[in-house]
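Number of protein chains: 2
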Amino acid sequence: MQGLSCGTSRIVGCRFSVYPMADNFVEIIKGALEEVNTAKVWMKTDDVSTCVRGRSEHVFDVTKAIFTNAAKTGVHVVFNGTFSIGCPGDSDGDTYMSEDDVRLNEEKVQQERVEVATQFSLYPLNNPDYMQIIADQVAVADGHGTFTKGVHYASRLDGDVNNVFRTLEEAFYNAAQTDERSHVTMTAAVSANSPSTKDK
Amino acid sequence: MQGLSCGTSRIVGCRFSVYPMADNFVEIIKGALEEVNTAKVWMKTDDVSTCVRGRSEHVFDVTKAIFTNAAKTGVHVVFNGTFSIGCPGDSDGDTYMSEDDVRLNEEKVQQERVEVATQFSLYPLNNPDYMQIIADQVAVADGHGTFTKGVHYASRLDGDVNNVFRTLEEAFYNAAQTDERSHVTMTAAVSANSPSTKDK
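Residue numbers (the numbering used here), protein chains in the order written: chain C, 1 to 200; chain Z, 1 to 200.
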């Protein structure tokens, strides 16, 4: 990994599911996956969730693309997952760390317009300053214009899927920069096309 | 709170959603909620998730009951949420801490038989021994016979919904016992009636 010294040179993972609230959920999920280029991430799906691992930018690129493809069907779809960096003992998928930083799905997904409501929580582990790290990243979200309000145990983001995922990625990236061995996780529930009135 | 000295005297919360993969998801969610007695918890639902707060036993009682009611329809349903204890600054719902420990939905839910596949992760915050705390609770799950295997970033549980929620509750409770001000969160994705082959 010579030449890469920042936190993104450490492997990032996301274990997530996409839940389409529709009878044809299998078809929607399969369709969403087929359209996404996953060449730069390690990926495995089981009966509960999907795990993608690799460079941070590709993990966010792929998860955003899968969710957006499912959401653009117009069906009520929720992405619910946990991003993770620095988990001790993590090694599978290390070969994917040699990929370059060109995102394979970004251009296409930037053309989509999907409004989302999101609740996310950062968990910096083994760090006595964790509450300040969280507060700093809520301030970053506020600067992006995506932060709406705090709720119990989470912060709420609203806006276009591309803007919201940008905030999620930056908040996660920044929180992981505290030191080179930091272990940080971040949960996110991203909802599109809900029939409920938005509770901003 | 005089007379209560153990960890369960601290307020516990869960922010969760139940996702029925069906066109009539609204009906299934409403039906599941109507059947559950939520008198002993603070509860608020928005367009992304539901938050319940109160004594640990009632938070687990209510979340299990809502999920089980939705799952017993036979539709593919997933519960995805984060349990939390010790979040600094938490005070809403404190009045519910004076409720007794009799679970209002347990008897009814014990009569249901719903097979579930679960992935959960414990996050003890601000604790240098957090990896050992996690390992200890995986051993507890193993002792319950619900633990199936470790996967990236999570542990897998399989079995009846009542057994799996018992493991989740005990793992969470135990992890919170390290000291009286510990802050612990636990994510859980609990899936029923998936058409995918179980990947035990």
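For the record, the hints were derived by calculation from the structure and aren't laboratory data. Careful: at least some of the hints might be erroneous.
Since the list gives no way to pick one copy over another, a pair counts as held whenever it fits inside one copy or between any two copies.
[To be verified] Mimicking EDC-like on lysine to aspartate or glutamate, the simulated pairs with C-alpha atoms at most 20 angstroms apart in a straight line are:
id: 1; residue 1: K72; residue 2: D23
id: 2; residue 1: K149; residue 2: E107
id: 3; residue 1: K30; residue 2: D199
id: 4; residue 1: K44; residue 2: D199
id: 5; residue 1: K200; residue 2: E99
id: 6; residue 1: K44; residue 2: D23
id: 7; residue 1: K200; residue 2: D47
id: 8; residue 1: K44; residue 2: D129
id: 9; residue 1: K44; residue 2: E180
id: 10; residue 1: K149; residue 2: E106
Consistency of the hints with the structure:
Taking the shortest Cα distances, K72 and D23 sit within 20 angstroms of each other both inside one copy (16 angstroms) and across copies (17 angstroms). In this homomeric assembly, K149 and E107 never come within 20 angstroms of each other (Cα to Cα): the closest approach is 30 angstroms inside a single copy and 38 angstroms across copies. Proximity of K30 to D199 under the C-alpha cut-off of 20 angstroms is restricted to the inter-copy arrangement: shortest distance 18 angstroms between copies versus 31 angstroms within a copy. Within a single copy, K44 and D199 get their C-alpha atoms only as close as 34 angstroms, which misses the 20 angstroms cut-off; across copies the closest is 11 angstroms, which meets it.
For the identical chains of this complex, K200 and E99 are neighbours neither inside a copy (39 angstroms) nor across copies (31 angstroms), given an alpha-carbon limit of 20 angstroms. Taking identical chains as interchangeable, the C-alpha atoms of K44 and D23 are never at most 20 angstroms apart, the minima being 24 angstroms within one chain and 27 angstroms between chains. When the C-alpha separation of K200 and D47 is checked against a cutoff of 20 angstroms, the pair qualifies only between copies, where the shortest distance is 9 angstroms, while the shortest distance within a copy is 33 angstroms. When the C-alpha separation of K44 and D129 is checked against a cutoff of 20 angstroms, the pair qualifies neither within a copy, at 34 angstroms, nor between copies, at 30 angstroms.
When the C-alpha separation of K44 and E180 is checked against a cutoff of 20 angstroms, the pair qualifies neither within a copy, at 27 angstroms, nor between copies, at 39 angstroms. Within a single copy, K149 and E106 get their C-alpha atoms no closer than 28 angstroms, and across copies no closer than 35 angstroms, so neither meets the 20 angstroms cut-off.
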